[in-house]
Amino acid sequence: MQKPLIVLGWLLVTLLLVVVITLPISLQVHLVTAVLLIIAMMVIKILRLEGFWRLLLLAFGTAIVLRYAFWRTTSTLPPLEHWGDFIPGFLLYLAEMYCIFMLGLSLFVVSSPLPPRKSTRLRPDDPVPSVDVFVPSYNEDYALLAATLAAAKSMDYPAERLTVWLLDDGGTLEKRNSTNPEAAAAARERYEQLNVLCTDLGVTYLTRDRNEHAKAGNLNNGLSQSKGDLVAVFDADHAPARDFLQETVPYFGRDAQLFLVQTPHFFLNPDPLERNLRTFETMPSENEMFYGVIQRGLDKWNAAFFCGSAALLRREALMQGDGFSGRSITEDCETAIELHATGWNSIYVDKPLIAGLQPATFASFIGQRTRWAQGMMQILLFSFPPFKRGLTIPQRICYLSSTMFWLFPFTRMIFLFAPFCYLFFNLEIFTASGGEFAAYTMTYMLVNLVMQNSLFGRWRWPWISELYEYIQSVHLLTALLSVLRNPSRPTFKVTAKDESVDQSRLSELARPFYLIFLLLLIAVAMTVYKVITEPYRAEITIVVGGWNVFNLIMAGCALGVVSERRETRASRRVDIDRRCEIRGGDGAWTAAVISDVSSGGLAIRLPEGAAGLGRGAPTAVRFTPLSSSEPSELAVFIRSVSNSGKGVMLGCRFMPERATDYRMIADLLYANSAIWQERQRSRQINIGLIRGTLQFLATSVYQTGRGLGYLLRSSVDRRKDAEDRS
Amino acid sequence: MTIAPKLLVAMAVAGVLVLPAAAQQSAPPSPFDMSPESGLRTAPVAPAPVVEPAPAVEAAPAIPTSFERHIVPFAQLQLVGEDARQAVEVYLTQAQAEAPASVEVGYLNAIVAAPEASTLEVTINGTNIVSGPIAASATTGKLEAAIPAGLLRAGGNIIEFEAIQRHRTDCSVASTYELWTQIDPATTLLRFEGQGLDRITALSEVAAIGFDATATTTVRFIVPELGTPAVTAAAIELVQQVALALHVPEIAVELDDSLPAETPVGTLNVVLATAATLPAGVSVMQPQADAGPLAAFVPASVAGNTLVVSGPDWGSITTAMRAISAASTPADPDLLLQRVDLANPIPRVTGATSLTLSDLGVPTIEFNGRRYRTSFEFALPADFYANMYGQAQLLLDAGYAKAVLPGSVLDIYANGQIASATPVLRTDGGLSRATPIKVPMTNFRPGRNEIEIELLLQTEADLECAPGLTGSAPPRFLFSNTTQFNIPDFARAAALPDLQAFAGTGAPYGGGQPVPLVLGQGAQVTPAAMTWLARLAIASGAVVPVTLVGEGQLDPAANALVISPLTALSDALLNRSGVARTISAGPGATGDRAIVDRFNQTVGAPSANTLDTIRNWVADKVGLSPQNFWLARPEDGAYLPQSSDAVVLAQAVQPEGGVWTFLTIPDDKTFLSGVQRLTQTVNWRAITGRVSALGANDPAVIAIQPGGRTLVQTQPFSVFNLRLVAANWLSTNVLEFTALLAGVTLLLTLVTAALLKSLGRRQ
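If you're matching them up, the sequences are chains V and B in order.
Under the numbering used here, the first residue of the first sequence carries the number 1, and numbering increases by one thereafter.
Under the numbering used here, the first residue of the second sequence carries the number 1, and numbering increases by one thereafter.
Derived by calculation from the structure, the hints in this document are not laboratory data.
Positions of the beta carbon are idealized from the N, C-alpha and C atoms, including for glycine.
A portion of the hints provided could be inaccurate.
Unchecked claim - Derived Cβ-Cβ restraints for the label pairs, each shown as a range:
hint : chain 1 : residue 1 : chain 2 : residue 2 : range
1    : B       : 614       : V       : 53        : 23 to 29 Å
2    : V       : 94        : B       : 450       : 38 to 44 Å
3    : B       : 138       : V       : 442       : 32 to 38 Å
4    : B       : 714       : V       : 529       : 52 to 58 Å
5    : V       : 484       : B       : 614       : 52 to 58 Å
6    : B       : 409       : V       : 486       : 38 to 44 Å
To be verified - Straight-line C-alpha distance at most 35 Å; calculated DSBU-like pairs for lysine-lysine:
hint : chain 1 : residue 1 : chain 2 : residue 2
7    : B       : 669       : B       : 438
8    : B       : 621       : B       : 669
9    : V       : 3         : B       : 757
10   : B       : 438       : V       : 646
11   : V       : 227       : V       : 45
12   : V       : 720       : B       : 757
13   : V       : 118       : V       : 227
14   : V       : 45        : B       : 621
15   : B       : 757       : V       : 388
16   : V       : 118       : V       : 530
17   : V       : 530       : V       : 493
18   : V       : 3         : V       : 227
19   : V       : 646       : V       : 720
20   : B       : 757       : V       : 118
21   : V       : 3         : V       : 118
22   : V       : 3         : V       : 388
23   : V       : 493       : V       : 388
24   : V       : 45        : B       : 402
25   : V       : 530       : B       : 757
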């Protein structure tokens with residue numbers, strides 16, 4: 001009874017606010033009001049007030065944004081008669097309205113994100129459902145699969161209720177009988193090796209006859225062959241922590257309608273932006289905004305969706321539909337929307353329980369994003385969320401937000417090229433005086449920044465969203481257009497994640513970024529020229545030129561992103577402090593500490609001397625895995641010896657030979673999820689608007705230089721190559 | 001077109017002798033009364049109002065054979081710039097329209113105007129009558145031409161003076177301000193050939209009284225029973241009717257005991273008396289007056305142009321007066337009443353309106369100079385309440401030649417204040433249609449509004465300025481009168497006190513209901529009241545009927561007018577007026593906070609506290625006044641008149657609800673002259689705020705804005721109007737808007753918080 005009353009009250013107050021906001025008050029009043037409200041917002045932000053105050057800050061911001069939208073709609077569009085101005089002007093208007101609409105949607109989504117759920121475990125008297133773990137693979141290499149499977153197998157769960165499946169699409173009958181003899185031989189070899197690995201690890205190997213319906217088809221094949229109550233899905237490069245099932249299974253006992261427990265993706269390696277801009281260690285990763293706050297916000301509305309991996313699903317729900325949906329190329333989100341629409345629930349557990357790899361090169365990063373963008377666009381087209389039957393209204397809004405987000409390449413490109421309309425073609429696509437621009441547009445942009453920062457500041461530093469969007473937009477725009485032309489055309493392409501960049505070079509996708517940068521540079525020159533030769537409209541030229549300079553800063557920073565830094569290691573080190581023993585030169589075991597570990601090797605600290613070990617010596621490390629009480633040995637090879645204040649540091653490389661070695665490595669790397677959370681927390685600091693902006697500017701200046709340097713070097717190299725060849 | 005005070009000086013330098021108008025006057029009336037009484041017809045008996053023209057009387061000896069009418073209704077008329085025009089309206093009698101006529105224009109021009117490239121042109125009713133080179137920089141030049149028969153018509157005739165002027169040597173925009181031609185009001189006239197053409201015989205021809213060489217229309221009232229309240233009220237009503245019928249901006253009222261011997265040109269005698277008390281000079285009308293209501297001109301043989309309003313009793317006189325009102329009803333109710341100084345149509349705008357400039361007397365023009373200027377007018381209602389938020393829009397149809405550089409600027413002025421300055425950015429040749437230009441309505445006002453469009457053109461050729469260029473430059477600019485001026489729907493509410501609305505439209509005293517009027521003691525009170533109310537009638541376009549009441553009879557809940565010297569005002573009444581009896585020591589030193597604040601601001605005196613400093617700084621930066629940032633409205637202090645000869649107009653909203661407007665002066669002896677000065681168009685249009693005062697030595701009206709205004713509903717309730725009224729009020733009261741928006745937002749936050757608690761997962 002109370003709820004409809006509150007909803008009614010909310011609607012009435014909203015109506016009142018709309019009435020106040022659409023009053024055609026004067027420019028000066030708007031300016032003064034906007035400034036006062038911004039001051040109030042700043043105070044709330046500086047005092048770090050939470051809860052109600054956070055909502056108030058967002059409401060103040062929304063009021064100013066809506067006033068801007070009202071003004072923008074009623075008095076800035078060029079007249080229809082001047083269609084040369086009107087068409088680009090209207091496109092820009094649409095782009096801005098899209099941004100405001102998206103802001104509204106995301107305000108709804110993250111209005112009150114659920115606080116992280118309490119850590120949970122299966123209680124002794126809880127039912128223990130049987131679990132099938134699916135590790136779908138297409139072309140991942142042996143070592144990667146071995147690590148993931150070993151980690152999956154080591155999960156803390158009754159062994160008789162846990163079956164781990166390697167769903168190998170790289171060894172299908174179709175591949176083994178390929179007409180290309182080399183490929184067929186490779187597939188056969190892979191098939192045999194992995195079969196052996198699986199037998200050693202106690203994992204079930206499964207492949208199929210034909211590679212149909214890509215990942216969804218592969219998973220469905222797994223479904224048809226298994227019969228566990230629950231299904232966990234891990235990408236081949238996503239290794240679960242020991243507590244994954246303990247943290248997720250209990251929820252299924254509490255809600256019979258639960259079909260999904262999704263957990264975040266945590267990455268051990270940087271994405272190309274993080275690597276090339278060297279921000280991996282300090283700045284929150286790109287996906288942390290999604291997993292840190294957006295999924296929690298979606299969770300509030302029972303709209304957390306399946307992200308393809310690191311999730312536990314209910315077989316009953318999957319079988320009720322046709323398993324994993326494969327109409328779009330983002331089968332995960334599509335499966336979730338279909339199941340939500342039939343009344344199933346989902347939850348999100350905000351604790352990193354898997355660790356994995358993400359695309360290392362810019363090209364594969366773009367490949368991955370192309371798939372996401374195209375897939376989400378397919379969902380938007382095929383099952384338009386606002387009209388999707390069976391979804392609750394909040395779920396419709398949430399899915400609309402998740403899918404429409406991927407339209408950003410259109411708006412980014414419009415914002416990028418809009419200043420050119422004026423600077424190069426003298427079009428007047430935004431009719432406003434300098435005063436109006438200051439009163440409405442500047443306050444709007446400032447408010448937007450403050451709101452974004454207060455919503456996402458811990459997970460996303462200022463201007464980084466814009467940078468990510470920009471670097472994707474250049475290539476995603478054509479991909480989106482191809483979906484619009486033919487929605488069912490795009491096909492699933494597996495993203496390579498274990499590449500490494502062994503030589504500093506320009507990305508193969510770099511060219512358009514340099515072209516855009518050049519155009520923006522010319523536009524800057526044009527700005528200066530116009531200011532000098534047309535002093536009577538210097539004001540507007542400076543405003544548009546300033547916008548262009550902003551684009552230039554963004555584009556300059558992007559040059560750094562597409563200039564791939566050399567990095568041999570696929571994954572970064574994770575600090576752990578674990579006691580161990582190392583076999584010394586004399587064969588005796590010496591107590592030592594494993595200080596950090598990566599997928600390739602580990603570092604050992606010996607407090608008292610090198611124990612007779614030197615560079616190049618093979619030896620072994622002995623420690624007790626978390627999954628058992630007995631210590632085991634792991635063969636390593638010493639690559640470096642260095643003296644530190646606290647003793648001798650040995651850099652060792654793994655020499656895995658047997659399946660048990662992989663189990664040991666997995667235990668070091670993946671068993672303890674608490675480390676990952678620690679690592680994320682250390683990066684999740686809101687550095688604030690001013691520091692963030694200054695830092696971004698500095699980064700941009702440096703990266704522009706680096707990007708141009710790489711261009712110079714690569715053109716010199718190319719010339720040298722040409723000379724060598726001739 | 002500027003009316004410059006320099007005129008007389010310039011003429012003196014030029015050595016021009018201005019002949020007194022009287023010298024050209026028609027001869028005094030014949031001593032012999034040859035007119036037979038049979039020529040008069042008895043007016044029909046009431047109730048029908050009477051308009052009985054006395055037929056022109058012929059055969060008077062020594063009657064001159066020509067008659068001259070002054071046609072410039074301004075004390076001075078200066079045409080400034082490269083293409084300056086001024087239209088005036090001249091009302092003619094039937095006889096004048098039919099008589100052979102010629103036009104004479106006396107003018108003097110700036111020496112820098114190049115005669116070979118400058119032309120003065122006179123157009124009558126759309127027909128070009130005469131044009132000649134502007135070449136009279138040393139002595140008054142003259143343009144003369146006969147007017148073709150049939151061109152003039154009885155009633156209103158539009159005469160337009162257009163000066164095309166080019167500088168001899170200079171091609172700069174600044175030089176165009178040095179180009180002027182003064183049309184001399186004394187020697188610019190229409191000459192009619194024939195006898196007795198000065199006579200007005202019909203009520204419908206009253207406007208043909210015209211004005212004298214100084215553009216003054218004098219109305220002499222002979223009211224034997226003046227002093228009796230009902231008679232005074234009737235006289236006040238009659239003067240308004242006459243003023244409206246005369247179609248002039250203002251009149252000089254004189255009171256006489258008897259009919260003067262001479263009636264100069266531009267003067268109308270009005271006799272208001274019952275048949276029994278008709279003064280000796282017009283006793284010939286007695287039989288008619290005895291018979292019933294009478295409103296008619298006396299025969300020429302009796303006196304100069306004299307209107308007799310009479311009847312057997314005051315009831316029938318009231319009936320007779322209605323006949324005069326009927327003679328001044330505007331032809332088109334959507335237009336303002338035409339006046340001799342407002343020849344172009346002025347539409348009344350009451351809501352969303354699109355005005356096409358061609359309907360407002362603006363011509364399409366091809367222009368080869370550097371500063372083009374044109375203007376048009378429209379009228380807003382008294383309850384126009386959109387000056388703080390609204391924007392009108394000009395949809396400009398104009399073409400620019402390629403030679404025009406993009407640095408050119410289009411300025412728009414509203415009532416003399418700059419409203420927008422738009423750079424001309426596209427000069428790719430050809431006509432560009434409907435270019436929208438926003439015009440803030442900040443300086444729009446109730447009543448008549450003037451919008452001026454000025455284009456400052458820059459060209460390469462002007463920068464080089466080859467000899468002879470100014471005269472021969474190819475056309476650069478085409479202004480099309482298909483250009484439109486769009487006024488959006490605007491808020492309508494009265495914000496009182498508001499003397500600007502009062503002076504512009506007569507509000508809140510319109511509507512035809514008799515208004516209580518208190519006349520104080522003083523010799524000049526009655527003529528001052530008549531002068532003032534005549535001006536008010538002209539502004540409102542309708543008579544404001546009054547009932548004379550004593551001070552004690554005033555109802556504070558009803559609107560009222562008070563005219564009295566300060567000394568004659570009781571303390572109680574004075575308290576309600578917002579004016580103090582004491583005269584302030586020096587200029588600007590008044591008890592009014594607004595003045596003090598303004599003074600402090602101009603001299604940069606430190607404010608009382610930091611908050612004030614911030615507020616004033618912000619107000620200054622965003623172009624508002626500190627009043628817009630007041631949360632509490634300060635009480636208005638009593639206004640101290642700045643000098644004893646300062647006539648003070650004050651409006652105060654009584655706590656009980658009535659709006660009382662006071663016209664007062666410290667020194668009774670200068671009342672009439674003070675009111676006459678105040679009613680001159682230039683001063684009358686400067687009236688605003690809650691107090692407007694003008695002393696004999698003040699260069700301009702001093703106006704005091706009220707601390708707060710009372711909003712009064714004037715329109716039937718509608719949500720739409722309420723929204724616009726709210727927009728204007730909140731645009732006036734900045735912090736109130738902030739508080740409102742923040743308050744509603746806070747409310748929204750509260751419900752949203754409640755909603756979020758009840759919706760979705762909570763955990």
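Which numbered hints does this structure break?
Checked against the structure, the hints that fail are numbers 3, 6, 7, 8, 10, 11, 12, 16, 17, 18, 19, 24 and 25, while the rest are satisfied.
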